[in-house]
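Participant: The primary structure of each chain is shown beneath.
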Amino acid sequence: MAVAFAVLAAWLLVTGIGVVASRRPIYNALFLVANMLGLAVVFLILNAQFLFAAQIIVYAGAVMVLFVFIIALLNPESDVTVGRSRSEWLLGGLSGAVFAALLIVLLANRDLGGRPGPFTPEVINHAGNVQSTGTALYTTFLLPVEVTSVLLLVAAVGAVYLAMRKPR
Amino acid sequence: MGVPAYYFLWLSGVLFTLGAIGVLIRRNPLVIFMCIELMLNAVNLAFAAISRYLNSLDGVAFAFLVITVSAAEVVVGIAIIVQVYRAGRAMDVDEMDLMKE
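Keeping their order, the protein sequence lines are chains Z and W. Heads up: the first sequence at position 141 corresponds to 141 in our numbering, and the numbers run straight through without jumps. Heads up, our numbering is the position in the second sequence plus 168, with the first residue counted as 1.
No lab work stands behind these hints: they were computed from the structure. Keep in mind that the hints are not guaranteed to be accurate.
[To be verified] Label-pair restraints from in silico Cβ distances:
#, chain 1, residue 1, chain 2, residue 2, range
1, Z, Gln131, W, Asp260, 30 to 38 Å
2, W, Asp265, Z, Pro116, 32 to 40 Å
3, Z, Ile104, W, Val234, 34 to 42 Å
4, W, Asp265, Z, Phe99, 21 to 29 Å
5, Z, Thr135, W, Asp260, 19 to 27 Å
6, Z, Val150, W, Tyr175, 18 to 26 Å
7, W, Val261, Z, Lys166, 18 to 26 Å
8, W, Tyr175, Z, Ala163, 31 to 39 Å
[What the hints assert, rightly or not] Here's a subset of chain W near chain Z, in silico, CB distances under 10 Å, partners left out:
#, residue
9, Gly170
10, Val182
11, Gly190
12, Ala229
13, Ser238
14, Met264
15, Met267
Glycine included, C-beta positions come from ideal geometry on N, C-alpha and C.
The whole structure should be built from the sequences, with the hints applied where relevant.
Facilitator: Next up, the structure:
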């Protein structure tokens, strides 16, 4: 398990850097697909099989197809950021390093607080992962699920409206 | 589980930071969107890890909601980007300053 985690962590870091630093948008998108697939496998390690499936279908499937499609449609030329202003890269990297250091100090070697709940992996796998997650979603989290369904509807309507509008 | 919980949280924090750096230094709105997706993914990782180590399903349920919200966000954001492109403007967030006026 530790070896698998180390490999996946290295994979996620390399592809994450690729997402941020690649010059051409299509490479950014492909690195992001690789990153999301790696993250899906991490979900598998964390015994969240349904989340693994949803991650692959929704993120690596639907969302990234949308990104790649738009890149193919618009064909944006490579980013002009590099070489335009070195100080922005420096400032961005510096603030990022400070932020990461703060996060790591905050999380350093500390156990999670809070009382453990009843859903050990044995309980979840005995009932079935999809069944347990679905029960949680449609009982405890019923209201948030309904609200996000309305949000999806509004987003679809808004996208159609934006696509129909003539640009000024 | 051989791996301590905070390893997952560190990984999540580093990925989130990478996404934040990307949002700060990139100019192409599509790439900035991808970096935002990276940050949302990092948060999902933290949710799933805490959920696993506290034997709870709440984190997984929240991760589902985050996935849904990010799908909605991508749809609207890309519609706006296509609209900007159709208006003949440069794909550069520094040039998109109509809201300032």
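Participant: A separate judgement is required for each hint: does it hold in the structure or not?
Facilitator: Taking the hints in turn, this is what the structure says about them:
1. Hint check: Z/Gln131 to W/Asp260, Cβ distance near 48 Å, so the stated range 30 to 38 Å is violated.
2. The hinted range of 32 to 40 Å is not satisfied by W/Asp265 and Z/Pro116, whose Cβ atoms lie roughly 50 Å apart.
3. Our hint of 34 to 42 Å for Z/Ile104 and W/Val234 is violated, since their Cβ atoms are close to 23 Å apart.
4. The beta-carbon spacing between W/Asp265 and Z/Phe99, approximately 27 Å, falls within the hinted interval of 21 to 29 Å.
5. One distance hint, 19 to 27 Å for the beta-carbon pair Z/Thr135 and W/Asp260, is violated here, with the actual separation near 47 Å.
6. For Z/Val150 and W/Tyr175, the Cβ-Cβ distance of about 37 Å falls outside the hinted range of 18 to 26 Å, so the restraint is violated.
7. At roughly 23 Å, the beta carbons of W/Val261 and Z/Lys166 sit within the given window of 18 to 26 Å.
8. The hint said 31 to 39 Å for the Cβ distance between W/Tyr175 and Z/Ala163, and at roughly 44 Å that hint is violated.
9. For W/Gly170, the suggested interface contact is upheld, since its CB lies about 5 Å from the closest CB of chain Z, less than 10 Å.
10. At about 6 Å, the closest approach between the beta carbon of W/Val182 and any beta carbon in chain Z falls short of 10 Å, and the interface hint on this residue holds.
11. Annotation: interface hint on W/Gly190 holds; nearest CB of chain Z at approximately 4 Å, less than 10 Å.
12. For W/Ala229, the interface hint holds, since its Cβ comes within 10 Å of a Cβ in chain Z; the closest pair sits about 5 Å apart.
13. Proximity of W/Ser238 to chain Z holds as hinted, the smallest CB-CB distance being about 7 Å (cut-off 10 Å).
14. A distance limit of 10 Å between C-beta atoms decides the matter here; for W/Met264 the minimum to chain Z is near 13 Å, and the interface restraint is violated.
15. Annotation: W/Met267 was flagged as interfacial toward chain Z, and the flag is violated, the nearest CB pair being 14 Å apart, outside 10 Å.
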